[in-house]
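**Q** Here's the letter readout for the chains.
There are 2 protein chains.
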Amino acid sequence: MIKAAIMGYGTVGSGVYEVIKKNQVSINKKVGQELKVQYVLDLREFPGDPVMDVLTHDFEDIIKDDEVKIVAEVMGGLHPAYEFTKRCLEAGKSVCTSNKELVAEHGAELIRIAKDHQVNYLFEASVGGGIPIIRPLNSSLTADVIVEISGILNGTTNYMLTKMSREGLNYGDVLKEAQAKGYAELHPEADVEGWDACRKIAILTSLASGNQVDFHDIYTEGITKVTSEDFAYAKKMGCAIKLLAVSKKMGETYCAMVAPALVRKENPLYMVNDVFNAVCVEGNMLGASMFYGSGAGKLPTASAVAGDMVDAARHIGKVVTIFWNPEKLTLAPKEKMTHRFFVRMKSDAKDAKVFGDVEMIDAGIRREIGFLTPVMSEGEFEEKAKGLDIISMIRMEG
Amino acid sequence: MIKAAIMGYGTVGSGVYEVIKKNQVSINKKVGQELKVQYVLDLREFPGDPVMDVLTHDFEDIIKDDEVKIVAEVMGGLHPAYEFTKRCLEAGKSVCTSNKELVAEHGAELIRIAKDHQVNYLFEASVGGGIPIIRPLNSSLTADVIVEISGILNGTTNYMLTKMSREGLNYGDVLKEAQAKGYAELHPEADVEGWDACRKIAILTSLASGNQVDFHDIYTEGITKVTSEDFAYAKKMGCAIKLLAVSKKMGETYCAMVAPALVRKENPLYMVNDVFNAVCVEGNMLGASMFYGSGAGKLPTASAVAGDMVDAARHIGKVVTIFWNPEKLTLAPKEKMTHRFFVRMKSDAKDAKVFGDVEMIDAGIRREIGFLTPVMSEGEFEEKAKGLDIISMIRMEG
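As they're listed, the protein sequences go chains A and B. When the letters of the first sequence are read in order and numbered with my numbering, they come out as residues 1 to 398. When the letters of the second sequence are read in order and numbered with my numbering, they come out as residues 1001 to 1398.
Here chain A stands alone, though its shape is the one from the complex (with noise of 0.2 Å):
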């Protein structure tokens, strides 16, 4: 038998225990020996649930049981998610987490530590939720050399933009429906202005480059400025809006951005829609991958966080290896990043040259001019929209 702790009972917490008595069974089979909660964390009570029979407020019981092996950390936030995860490794029982923030600012130490107490550090939940991307890109994708990864990492901005791009409807809109229904929260800040995804592009960003990224070094641009006008114009592109991460290799590092971006109907991504996310991983050897699934949700991020219990099981005594170094990756300037840009502006049609050989697009709208710019870089754009009256700019991807 392997003991097992869940620090969080929150909804991802609550959805570990549930994936793991669920499914018991089959999960004792492909562990090898029964995995047992031992223990759950939380400083709340929960009368008349099950878990009370194993509930503990105190988290020195954890840790000075030496047969628990194995600790989930659902609690989210850094503190004391970060110290705890350090006692836990430290005194010899990996880690399991969806923390993304954690991950994206102490993946490196981390996994270190846990590697000089040959325990396991493990965060497949962090990114995409339940779609498997950590292994593959950690374990799969290891003979390639990763050329770019894009994705649709926010399920809450994903449905907000599906929404928009269906029914017309107006951002402020769309955010009020979304907060009724629960799928964005009160303050949609983390989600909404792309800081979520941000911290997951920089966590696959990492793990591509083998080093550490900070995820300040990232360019991040949300939502919230994107209108039913823009949806407009792209439809006449044939394109969605998505909101985007995307690393792109550059030399010896790589560029990093998140921002919303124009995506053509041949795009995988296209077709990525409502609070679904998807990562598209291009290898210089084996071209493109795609990996989609449940982004968010109770159980599918539990699933994630139970399946790597069930590793860390499988890897008592052993390091699974994990290609993530401290040593921090300089990002390349986000001024060298090229694409074709999106522009309207109060403006005639001959104000657009200024950009070069432009595609106008006409969505039928007054008072303004739409087009294409050539790709060129991001600073030669920012150069040349000096001092011009423009109303919006979107990337287009791909």
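Honestly, the hints are just simulated from the structure, not real lab data. Even for Gly, the Cβ is constructed at its ideal location relative to N, Cα and C. Mixed in with the good hints, there may be bad ones.
[Claimed, not checked] Some chain B residues flagged as far from chain A (calculated, every beta-carbon gap over 10 Å):
1. GLN1038
2. GLU1067
3. GLU1109
4. GLU1148
5. GLU1167
6. TYR1171
7. GLU1193
8. THR1224
9. ALA1232
10. LYS1248
11. GLY1251
12. PRO1333
13. LYS1346
14. GLU1382
[Claimed, not checked] Computed list of lysine-lysine pairs in DSSO-like fashion (alpha-carbon distance at most 27 Å, straight line):
15. B:LYS1115 <-> A:LYS29
16. A:LYS115 <-> B:LYS1029
17. B:LYS1064 <-> B:LYS1036
18. B:LYS1003 <-> B:LYS1064
Given the coordinates of chain A, work out where chain B should sit on it, guided by the hints.
**A** Relative to the frame of chain A, chain B by itself:
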């Protein structure tokens, strides 16, 4: 330094050699030491090719070299691949393969032999070419009970069906064109009769259930009878026609089938076109996820084999758990599978009533009727269809 050998210098074998040469620096970093190809085994000579430096015609050179710890078996076919693989594993060498025939036929046995000798038998490239699907099933989705797998697992037939759909061509013309382009073989039966997809769904069902599935037990129907008229009806229904390999959990076992199927727009498999492959996996907790990419081709397949070689190098002396026991799984009989059936008959509408409350489909084709039955079992359908003058029948998925 870890020494490796490649058995077979055909399309995939030369690809593996190329991938390792090209990405040697990054592969060495991920392994933690140099991965060196010491031998390439092939009966032929390759004058002028740098492979001549490491070419051998004698398998004994590899087996006798105790320093060779990893062998890529990319010869294809059952013999001598089976004997060579067995001897390598027994000699303490891990084997990585793209050989789906061998994996489908002897997978469980070879995994057990590998385990007995503290080495690994890895076969990511045997299903879905470059798409990571074996490792996610085996190591990521372990907390879930797999409820359904459905996939487009053969690139040749998907290319042909895409072409038929887009250009309104007939099967025979598309086959000729695919053969001229090198996408289909001169003897195309393994692809067009569904045998290739059948072996692959047998492998996936074995991994989902943990027991050995005999591919001979899987009902398999190819694409040779699909006509341009079928596509006319499919378009009326807003569907694509795909060669689907499907495996569904039924009680304690699974029921599997390979056959052309109508796939609706809402299904993520709908947009999988040309030579691309994709696998949808539905877990009881996770919901649906999809893995998409290049299902065949020299470099994608070679990338998957080389990725397994990196994994084998990271696991020298450690066994990667693979949940696939030699006990045979008795599949549920095909007759128990349920779908809607699309039927074309030389008849008039009232004769369709034998199938119950059918939905008539008018694709403007004279002297026949086309209709969708309600959901019923294969057994029930066969019973009702007895003695009727049916032109064609295609199942509807999802």
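**Q** Next step is simple, just say for each hint if it's right about the structure.
**A** Hint check:
1. GLN1038: The claim stands: B:GLN1038 keeps its Cβ more than 10 Å from every Cβ of chain A (closest is about 17 Å).
2. GLU1067: Consistent with the label, B:GLU1067 stays out of reach of chain A, its closest Cβ about 21 Å off (over 10 Å).
3. GLU1109: Its Cβ never comes within 10 Å of chain A, the nearest being 19 Å, so this holds.
4. GLU1148: Its Cβ never comes within 10 Å of chain A, the nearest being 14 Å, so this holds.
5. GLU1167: holds (18 Å)
6. TYR1171: The claim holds: B:TYR1171 sits with its nearest Cβ about 26 Å from chain A, beyond 10 Å.
7. GLU1193: B:GLU1193 is indeed farther than 10 Å from all Cβ atoms of chain A, at 27 Å.
8. THR1224: holds (29 Å)
9. ALA1232: holds (23 Å)
10. LYS1248: holds (16 Å)
11. GLY1251: holds (14 Å)
12. PRO1333: holds (24 Å)
13. LYS1346: holds (38 Å)
14. GLU1382: holds (33 Å)
15. B:LYS1115 <-> A:LYS29: Answer holds: B:LYS1115 to A:LYS29 is near 17 Å, not above 27 Å.
16. A:LYS115 <-> B:LYS1029: holds (17 Å)
17. B:LYS1064 <-> B:LYS1036: holds (17 Å)
18. B:LYS1003 <-> B:LYS1064: holds (13 Å)
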